[in-house]
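*Asks:* Full structure from sequences and hints, please.
Here are the chains, one letter per residue:
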Amino acid sequence: MNNTTQPKRSDEPVWWALFSAGGVCFAVVVPGAILALALLPAFGGISADNLSYPRISALLHDALWGLAGLAFIGSVICLPLFHAAHRIHHGLHDLKLGGGLLSKVLCYGSAAALSLLAIYLVS
Amino acid sequence: MNLKKPGSSKPEPGSYQPVMPRNWWLQHRYFQIYMLREATVLPLLFFIGCLLYGLYCLSLGETQWQHWLAFMAQPWVVLLNLLAFSASLFHAKTFFELFPRVMPLAPPGLMIAGQWLATLLVATGLVLLLGGWL
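Protein chains in written order, with the working numbering: chain C, 1 to 123; chain F, 1 to 134.
Simulated from the structure, these hints should not be mistaken for lab results. Note that CB positions come from ideal geometry on N, CA and C, so glycine has one too. Where hints are given, some of them may not hold.
[Said to hold, decoys possible] Here are some of the chain F residues that sit facing chain C, going by a computed Cβ distance under 8 Å:
| hint | residue |
| --- | --- |
| 1 | 19 |
| 2 | 41 |
| 3 | 44 |
| 4 | 47 |
| 5 | 50 |
| 6 | 52 |
| 7 | 58 |
| 8 | 65 |
| 9 | 84 |
| 10 | 89 |
| 11 | 114 |
| 12 | 117 |
| 13 | 118 |
| 14 | 132 |
| 15 | 134 |
*Replies:* Right under this line is the structure:
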């Protein structure tokens, strides 16, 4: 009898932690971001002058030594991406379309790739 | 004796085999709302896509940035972002109601109100900052 092998440590806590963190951002930060960047500019509440190229560039790259932009990208793009990947991975399982290793790799893999792209674009 | 290794056996003839149709969640309102909440990430992905496109345009320069602003003002984009906004609020409602049940630190009503206040403060801050009032 060989019962000495260690049980394999699950990687699920990592995905659930990212899902929760992304869920908090989706609930607390994303509504304001949609309002300020999409809805109010479209309905005239925020003028185009305030969204000018130099102003947005400066806010994104220079405010708080670039930390403000990075925090914005992290809380509105990266973490919500992992939240969405988790919901889609589990939703596919609910629809009997996936939920296996392939959908897991595709969902979390694209969330990671798009997060890296976002960070690359602000750096 | 009918001892079977789990997962490796063929079903016994006449044994109960529950069938799960693909549309199982349509048959009860509770599961319909569950699936609707799962679906809130689809318009969210659209908004994130808009932002990634915006970051890309910003990296190309002023002309492309103007293109992005025009893109964001197109009616179909505004409509989908309106959907994303509603989805984020619906997600927030379910998420905020869950927190006091997972971690009861204070009366549930107080915790839910506190979380909505956080959303409101962040939204106010972002609007004031991007609108040039801050």
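*Asks:* Each hint needs a verdict: does it hold in this structure or not?
*Replies:* Against the structure, the hints come out as follows:
no., hint, verdict
1, 19, "violated (11 Å)"
2, 41, "holds (4 Å)"
3, 44, "holds (6 Å)"
4, 47, "holds (6 Å)"
5, 50, "holds (7 Å)"
6, 52, "holds (6 Å)"
7, 58, "holds (6 Å)"
8, 65, "holds (4 Å)"
9, 84, "holds (6 Å)"
10, 89, "holds (6 Å)"
11, 114, "violated (11 Å)"
12, 117, "violated (10 Å)"
13, 118, "holds (5 Å)"
14, 132, "holds (4 Å)"
15, 134, "violated (10 Å)"
Hint check: violations occur at hints 1, 11, 12, 15; the rest are consistent with the structure.
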